[in-house]
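Protein chains: 4
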Amino acid sequence: MIVVMKMGATPAMVERMTRRIEDLGLKAHVIIGTERTVIAAVGDKRDGEQETLESCDEVDKVVPILAPYKVASRETRAEPTCVTALDLKIGGGHIGVIAGPCSVESEEQLLTSARAVKAAGATGLRGGAFKPRTSPYAFQGLKEDGLKLLAAARDETGLAVVTEIMTPGHIDLLVKYADVLQIGARNMQNYHLLQAVGDAGKPVVLKRGPSATMDEFLLAAEYILDRGNSQVVLCERGVRTFETHTRFTLPLASVPYLQQRTHLPVLIDPSHGTGIASLVPPMAAAAVAVGCDGLMVEVHPEPSKALSDGAQSLTPNVFAEMMETCRTVASSLGKHLG
Amino acid sequence: MIVVMKMGATPAMVERMTRRIEDLGLKAHVIIGTERTVIAAVGDKRDGEQETLESCDEVDKVVPILAPYKVASRETRAEPTCVTALDLKIGGGHIGVIAGPCSVESEEQLLTSARAVKAAGATGLRGGAFKPRTSPYAFQGLKEDGLKLLAAARDETGLAVVTEIMTPGHIDLLVKYADVLQIGARNMQNYHLLQAVGDAGKPVVLKRGPSATMDEFLLAAEYILDRGNSQVVLCERGVRTFETHTRFTLPLASVPYLQQRTHLPVLIDPSHGTGIASLVPPMAAAAVAVGCDGLMVEVHPEPSKALSDGAQSLTPNVFAEMMETCRTVASSLGKHLG
Amino acid sequence: MIVVMKMGATPAMVERMTRRIEDLGLKAHVIIGTERTVIAAVGDKRDGEQETLESCDEVDKVVPILAPYKVASRETRAEPTCVTALDLKIGGGHIGVIAGPCSVESEEQLLTSARAVKAAGATGLRGGAFKPRTSPYAFQGLKEDGLKLLAAARDETGLAVVTEIMTPGHIDLLVKYADVLQIGARNMQNYHLLQAVGDAGKPVVLKRGPSATMDEFLLAAEYILDRGNSQVVLCERGVRTFETHTRFTLPLASVPYLQQRTHLPVLIDPSHGTGIASLVPPMAAAAVAVGCDGLMVEVHPEPSKALSDGAQSLTPNVFAEMMETCRTVASSLGKHLG
Amino acid sequence: MIVVMKMGATPAMVERMTRRIEDLGLKAHVIIGTERTVIAAVGDKRDGEQETLESCDEVDKVVPILAPYKVASRETRAEPTCVTALDLKIGGGHIGVIAGPCSVESEEQLLTSARAVKAAGATGLRGGAFKPRTSPYAFQGLKEDGLKLLAAARDETGLAVVTEIMTPGHIDLLVKYADVLQIGARNMQNYHLLQAVGDAGKPVVLKRGPSATMDEFLLAAEYILDRGNSQVVLCERGVRTFETHTRFTLPLASVPYLQQRTHLPVLIDPSHGTGIASLVPPMAAAAVAVGCDGLMVEVHPEPSKALSDGAQSLTPNVFAEMMETCRTVASSLGKHLG
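Protein chains in written order, with the working numbering: chain R, 2 to 339; chain S, 2 to 339; chain H, 2 to 339; chain P, 2 to 339.
No wet-lab data here; the hints were simulated from the structure.
Don't take each hint at face value.
Copies of the same chain look alike in the list, so a pair counts if it fits in one copy or across any two.
Taking lysine to aspartate or glutamate pairs in the EDC-like style, the calculated list, with each CA pair at most 16 Å apart, reads [stated by the list, open to error]:
{"#": "1", "residue 1": "Lys28", "residue 2": "Glu303"}
{"#": "2", "residue 1": "Lys149", "residue 2": "Asp173"}
{"#": "3", "residue 1": "Lys306", "residue 2": "Asp24"}
{"#": "4", "residue 1": "Lys71", "residue 2": "Asp24"}
{"#": "5", "residue 1": "Lys149", "residue 2": "Glu217"}
{"#": "6", "residue 1": "Lys7", "residue 2": "Glu108"}
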């Protein structure tokens, strides 16, 4: 890190700060500039303690140099990670597609969706059994009954089941039915939950929190990796900005940015990322063109009757067309979808 | 809610939408404008289901009219709620002050802090025993040992202990030691945790998530209230914006805005809201002037050696001066601090 | 618009508001709900005056229904506008590419760039002669000398010259040399400048301000259209959000969103939109996949020596590869680049 | 600045970068860390050219150390600047209050406003004659007739006239009538306008752009100062964030943050900063408590009939009460309002 001293810091202050840095087990290099003195502190230390140096009166700011994450880093592992569950493959050259309804509502709704997305080329089936809802008065999911329906749909179609886990207490139940555990955006920094899925050993889709920085996102993945679970997919699903014409703002530049820094695969969720069904297919095509490792898309047999997220769900027909376009774009770039 | 039809919607489409609205148990009023038809749907319905009408092809947008929260609303309860724990009183004319270190680090560190903030006029003691940290490599708190130190500090000083709960599994442990349970900003939408503290019956400080809207914030409170726990304090601690010169952007207008809509008291946390110790005292004074019901401030005997949040912690002396100023501003407005 | 009355508004208040609405030349429909009364005000009025109704004590909020823009709207003109200058065609099925250096620095730098981008398939040449710079101490452009170099480059290559106008006083000078006038993001709401380019009659590239909403963006275009100039290209170049790993956050969903509402073509600037050269080619490909009508890309013979925006400029070789990829994606979707 | 090399940068790359830094006239210090090499470049250089080093392949990032502004800095001038026009004094211990209608609409409206705000203790009169409006169809101001009314109001009341200048071409006209020129938020980076008011020599109120960083804000002031005009007031009027319950988010922490860095006075505009009349008085009191050097408030004799900004305008009575409260808070802190 670089410690920038305030203007007018005396040699005694610089000397004192040098000792503080050395007390942290780091080596200090003092550089005297035209207006300010800076001290470069050299050593591998990522526990955040050093940032408290900013509280010293004589310090203007502290600039970290090392990335705060480690296991997630390309520098730790150069080749891309491929996350696998049944036929679903995400990363390492595979563009996996997970599709299905927001919530599991009934056997018929789920099976219709599952058959349709399978026919169109998806290899993963999404569907919420436990639903995190902004309002306590909204539909909260079918719970274990929903999980059973998901498992039955997998048995029929062979699609890998991807479903959200909301709290550590549910881990045994979820592990019984799901192939991939999803951490929702609201829980990206629910650290006990991250540790629980880390310990469970199932593949994990980790959604970016709507105001999480890239470092925070990668550090959340690091919590899972740190428990020995390396099957982690990063899912960009849009960030909260001043824009209100879309539900969230979906920054596709996250894909190449993350791929430069981490070996973990990057999934795009254009459904939550826009919140508007008519914007999902063009953004899915763009996600493929930008180089994503997978897509997660909400599909419902009758969106206008969905109990949640109807406005952003595709009908099976529109989804099939979307897949056709995405496949075309993928193969024009020498890649393979699904 | 108001359903705005697309331009060119035919009478048949309007008729069909009218029936859909009536199927939801609402009454429909059709208004034919110069360019568009809108349908006003009348009735008390807050479960979100109706928003899926936006997915209908013939609909341009759906505008909700009713606030989505109910029990938190001033319309449900006109008089302000006062949240109380030992001598700590927040709301209903009382400006309560909770102060102390970010993390409990040692007996000496905690007791020194507790005595100092008590002497300066605080009636609540903050201190984290379980710490949500962005990095898995950072100090995670003393856990139950920290809780014991907090309880001991309460026994000596009489300060009410306010400490964060991170996961539902900790509820029994926390209830044993704490007087007030805090839900951190990262967990504002951790619904199982909200329900757990709702059931526990202890007063709750609910921190606003860094990108939560006001409706989302009040709906999170509604989850707690809905379990029969009415002792909820709303804590504004800053939102994430493009500004980087402060850790977060602290919008004090939240105080009067919330007070117009809810009976729950509003606490300001200028420490997290700015992230910079020198900005805390002026923002605390401003919070009192804007009409807040309480303050939550980080104080550490030696900020530059803090294991977390050193850059935003006040020394005991600076905190005492801050309290003096806040008391002066409060009494100039006919209010009482502490 | 919909006027939502406060809870408890008396019949007399509703009556008074009804008259206020009628005084504005609108028809009022009163709808009495379970908790609130709303008044639908029918009529074509877009001058903003009605929003002052929100200042009435008895009014909770005012919800506009009509889009505030008119001439830019698809409802006014259904078929897409194609903006043309020499061989540059943007919109109406043509994906035009404008490329070149951020600033014109020298004859050699400009001609090298122009020849390279022409060879790779661009039909427009960008280059700033008058540079808006955040700091008064930064390079401000070669001014008229720069314009002369641009004109010379056009004479040699046939590329249409696209250059920024910063102030109405420069209009005569700019019109003399440029084929397309660019309004920079900082000037999106510089209304005298918008009117000046509206009067000048040259094609205009209007960049979105970094915190402009879609309505504000389209209303800025409306200022130009309102002077009778219909050759306006909307350029999305990224918005300012909490994200700092990229210079701006580039929301590609703007493309289909705008295309649904306006007949004006939409150009993407991945250079400013990311600020990082290595992210430009994937985002350009994604922009083509999402359906953009054109690209604007910074290219410099030697980015590390550029006097401005070096970090986001492509070398001629990387630009040529990017064009190859974009052409492939375009033709996979049945479109033609350049 | 600090140049952080990529991991794996070879000694030859470090050597080449060292020479590039020296070519810029800076001194280079190489520091070899455990994972990366950084090069500290020492010297006074603020022209932004060095940032193009980020475009070099072997560079990970460039961290600037020096503030980019100079004349605005406290390091250049330690004592606070007081900006003065007639009886209006802002800064250096004076809290000046500028009040009046958003737009000048008629002689009666303006004079009624002017007398009322004068009686309540304001010393500056605001009122727009040239109005920047988002829509070309909205009221654009009375233009020179409005300026004449403002001058007449000054002649009667002694209030200093503060009015907005929209374009350099108006400078002679504005200088004839106004005491203080205001640069609106939309024009904060309209550099030709900044230079024009810099040359005009009148005091300037410079409004922060809704997504301007602090450095950009201070650099905009620097454009004015750089022309020899030191009478510049910085006006914080709220930033654009994801929050929609208020028109903008008003970050009062800007006041102490700016006062630590610049000698220029800081004015708060709670009218635009909230957009809601009922939030203006508490935010004005908070602004005084946080230490602002002045207030700018919209007052209209009949807000519900205002041609612009009615929703955020105070009636004369509410303004008078607000002033009473602000005076009380100011004197409790040993300061004087007006």
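Now the hints, each set against the structure:
no., hint, in the structure
1, Lys28 to Glu303, "neither (63 Å within a copy, 23 Å between copies)"
2, Lys149 to Asp173, "within (14 Å within a copy, 31 Å between copies)"
3, Lys306 to Asp24, "between (63 Å within a copy, 11 Å between copies)"
4, Lys71 to Asp24, "neither (23 Å within a copy, 35 Å between copies)"
5, Lys149 to Glu217, "neither (34 Å within a copy, 31 Å between copies)"
6, Lys7 to Glu108, "neither (66 Å within a copy, 33 Å between copies)"
In terms of the numbered hints stated before, the structure departs from hints 1, 4, 5 and 6, listed from lowest to highest.
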